[in-house]
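So the chains spell out like this:
Protein chains: 2
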Amino acid sequence: MTNPENPSSGSPAPAKAPARDPWELPDVSGLVVGVLGGTGDQGRGLAYRLAKAGQKVVIGSRSAERAQAAADELGHGVEGADNAECARRSDIVIVAVPWEGHARTLEALRADLAGKLVVDCVNPLGFDKQGAYALAVEEGSAAQQAAALLPDSRVTAAFHHLSAVLLQDPDVAEIDTDVLVLGESRADTDVVQALASRIPGMRGVFGGRLRNAHQVEALVANLISVNRRYKAHAGLRVTDV
Amino acid sequence: MTNPENPSSGSPAPAKAPARDPWELPDVSGLVVGVLGGTGDQGRGLAYRLAKAGQKVVIGSRSAERAQAAADELGHGVEGADNAECARRSDIVIVAVPWEGHARTLEALRADLAGKLVVDCVNPLGFDKQGAYALAVEEGSAAQQAAALLPDSRVTAAFHHLSAVLLQDPDVAEIDTDVLVLGESRADTDVVQALASRIPGMRGVFGGRLRNAHQVEALVANLISVNRRYKAHAGLRVTDV
Numbered sequence: 001m002t003n004p005e006n007p008s009s010g011s012p013a014p015a016k017a018p019a020r021d022p023w024e025l026p027d028v029s030g031l032v033v034g035v036l037g038g039t040g041d042q043g044r045g046l047a048y049r050l051a052k053a054g055q056k057v058v059i060g061s062r063s064a065e066r067a068q069a070a071a072d073e074l075g076h077g078v079e080g081a082d083n084a085e086c087a088r089r090s091d092i093v094i095v096a097v098p099w100e101g102h103a104r105t106l107e108a109l110r111a112d113l114a115g116k117l118v119v120d121c122v123n124p125l126g127f128d129k130q131g132a133y134a135l136a137v138e139e140g141s142a143a144q145q146a147a148a149l150l151p152d153s154r155v156t157a158a159f160h161h162l163s164a165v166l167l168q169d170p171d172v173a174e175i176d177t178d179v180l181v182l183g184e185s186r187a188d189t190d191v192v193q194a195l196a197s198r199i200p201g202m203r204g205v206f207g208g209r210l211r212n213a214h215q216v217e218a219l220v221a222n223l224i225s226v227n228r229r230y231k232a233h234a235g236l237r238v239t240d241v
Numbered sequence: 001m002t003n004p005e006n007p008s009s010g011s012p013a014p015a016k017a018p019a020r021d022p023w024e025l026p027d028v029s030g031l032v033v034g035v036l037g038g039t040g041d042q043g044r045g046l047a048y049r050l051a052k053a054g055q056k057v058v059i060g061s062r063s064a065e066r067a068q069a070a071a072d073e074l075g076h077g078v079e080g081a082d083n084a085e086c087a088r089r090s091d092i093v094i095v096a097v098p099w100e101g102h103a104r105t106l107e108a109l110r111a112d113l114a115g116k117l118v119v120d121c122v123n124p125l126g127f128d129k130q131g132a133y134a135l136a137v138e139e140g141s142a143a144q145q146a147a148a149l150l151p152d153s154r155v156t157a158a159f160h161h162l163s164a165v166l167l168q169d170p171d172v173a174e175i176d177t178d179v180l181v182l183g184e185s186r187a188d189t190d191v192v193q194a195l196a197s198r199i200p201g202m203r204g205v206f207g208g209r210l211r212n213a214h215q216v217e218a219l220v221a222n223l224i225s226v227n228r229r230y231k232a233h234a235g236l237r238v239t240d241v
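Going down the list, the protein sequences come from chains A and B.
With the first letter of the first sequence counted as 1, position 68 gets the number 68 in the UniProt record's numbering; the numbers rise by one all the way through.
With the first letter of the second sequence counted as 1, position 129 gets the number 129 in the UniProt record's numbering; the numbers rise by one all the way through.
Simulated from the structure, these hints should not be mistaken for lab results.
Where hints are given, some of them may not hold.
Identical copies carry no separate label here, and so any pair may be met within one copy or between two of them.
With a straight-line cut-off of 25 Å between C-alpha atoms, the simulated SDA-like cross-links for lysine to any residue are [unchecked claim]:
1. K116 <-> R186
2. K231 <-> D82
3. K116 <-> D91
4. K56 <-> F127
5. K231 <-> R203
6. K52 <-> R211
7. K52 <-> K231
8. K129 <-> G115
9. K231 <-> S185
10. K231 <-> R186
11. K231 <-> D21
12. K129 <-> S63
13. K231 <-> D176
14. K129 <-> V241
15. K116 <-> G54
16. K231 <-> A53
17. K56 <-> E139
18. K231 <-> G201
19. K129 <-> S185
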């Protein structure tokens with residue numbers, strides 16, 4: 001018999017443990033959120049939305065000055081620091097760096113990210129005349145690469161399908177999308193779901209283990225096709241949940 | 001300058017060609033739809049919904065007798081035939097066979113499927129104790145494998161994220177989900193979008209080229225995780241379109 005809540009658990013669950021309510025999520029309002037790559041469009045957008053929702057946010061960049069300048073623009077108490085200090089000061093660290101710098105950035109921050117809950121939202125994409133396409137990643141996905149490079153961190157994946165345009169637009173009150181959250185530990189994915197759900201309109205939905213992160217990252221290529229065809233800023237909703 | 005409607009086009013579009021309304025889709029009500037693997041859960045569910053919506057449907061199976069028996073159960077004018085006859089009699093052929101038999105089945109039907117609009121909805125997945133995961137496919141995806149095996153057919157991909165349970169439940173009046181439709185030719189994807197949109201609640205949305213089919217197929221592994229966690233029959237909606 002497998003335990004449907006945790007089929008990989010080494011020890012069997014009590015035979016009649018009641019199923020936990022998947023929407024009962026922890027209070028994360030007191031946690032500090034760092035955003036590596038926080039001066040990029042996606043990072044800035046996320047930092048803005050989380051800070052506006054009342055979260056303490058520190059954005060990181062290679063240059064502390066640029067991080068501070070971006071933080072000042074964002075307001076809502078956002079602070080800026082270099083990436084290492086951003087990591088050290090944060091409980092949850094969102095990785096929003098360009099794919100090109102992903103491995104190098106994380107490798108350099110291994111010690112600073114030890115013990116942290118890391119949320120990878122990087123989409124390894126290539127672009128040519130026909131549009132966007134998914135890049136092959138040796139580890140399987142950006143999130144799995146992060147997990148391989150950060151053995152002392154708790155790595156999750158989320159926030160892939162957000163429109164940086166909508167996130168940064170102060171006239172947009174609600175972000176009409178679900179956020180698929182992937183990870184190996186329910187405690188960790190619950191925290192990230194709770195964080196996503198703090199942003200009005202947004203909802204964090206558990207989306208599986210990290211080995212299934214590739215397709216979630218790669219689906220951004222399809223959303224780019226959707227955006228081009230429909231002149232939209234597409235997001236995703238999971239129905240029946 | 002790239003033409004945003006067709007960036008791969010060899011010849012440039014007229015400078016001020018008005019953008020076509022992406023929701024202006026052809027009338028497909030007179031087309032015959034075949035469903036290869038029409039005796040399986042997914043195939044039967046799709047055949048049932050399309051026939052109920054007024055489409056002429058022929059389900060195919062290796063055995064004409066089993067196809068006919070399933071067709072009789074489904075009602076709504078559904079007919080049964082062996083796979084080759086199903087293909088020959090249809091204008092649009094939905095491929096809903098198990099991944100294990102995908103290549104072999106299509107190879108054997110190459111001549112019968114020549115000139116047809118093929119809609120691949122197969123999800124190459126593996127299963128173990130931790131749940132479902134995406135299988136690597138040499139051609140990139142099931143849809144690309146179909147395109148490679150069927151050089152004389154027009155291959156598209158769609159209908160990946162449907163719950164066979166909901167499709168087959170006569171008490172479910174509407175299927176609350178969008179259908180991402182992928183393909184190389186707008187004429188073909190428009191037809192498949194129109195077909196999906198005939199089913200109440202369902203909407204066909206263009207989702208990119210076949211090279212981006214892998215992640216759409218593989219995302220079913222994530223939806224299986226969603227279904228397990230939330231005890232749901234999850235589908236997807238694209239927001240802002």
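Hint by hint, here is what the structure shows:
| no. | hint | in the structure |
| --- | --- | --- |
| 1 | K116 <-> R186 | within (15 Å within a copy, 46 Å between copies) |
| 2 | K231 <-> D82 | neither (36 Å within a copy, 43 Å between copies) |
| 3 | K116 <-> D91 | within (6 Å within a copy, 56 Å between copies) |
| 4 | K56 <-> F127 | neither (35 Å within a copy, 41 Å between copies) |
| 5 | K231 <-> R203 | both (24 Å within a copy, 17 Å between copies) |
| 6 | K52 <-> R211 | neither (32 Å within a copy, 38 Å between copies) |
| 7 | K52 <-> K231 | neither (27 Å within a copy, 33 Å between copies) |
| 8 | K129 <-> G115 | neither (42 Å within a copy, 28 Å between copies) |
| 9 | K231 <-> S185 | between (38 Å within a copy, 19 Å between copies) |
| 10 | K231 <-> R186 | between (37 Å within a copy, 16 Å between copies) |
| 11 | K231 <-> D21 | between (38 Å within a copy, 11 Å between copies) |
| 12 | K129 <-> S63 | neither (33 Å within a copy, 45 Å between copies) |
| 13 | K231 <-> D176 | both (16 Å within a copy, 23 Å between copies) |
| 14 | K129 <-> V241 | between (37 Å within a copy, 24 Å between copies) |
| 15 | K116 <-> G54 | within (20 Å within a copy, 56 Å between copies) |
| 16 | K231 <-> A53 | neither (28 Å within a copy, 30 Å between copies) |
| 17 | K56 <-> E139 | neither (32 Å within a copy, 46 Å between copies) |
| 18 | K231 <-> G201 | both (21 Å within a copy, 23 Å between copies) |
| 19 | K129 <-> S185 | between (40 Å within a copy, 16 Å between copies) |
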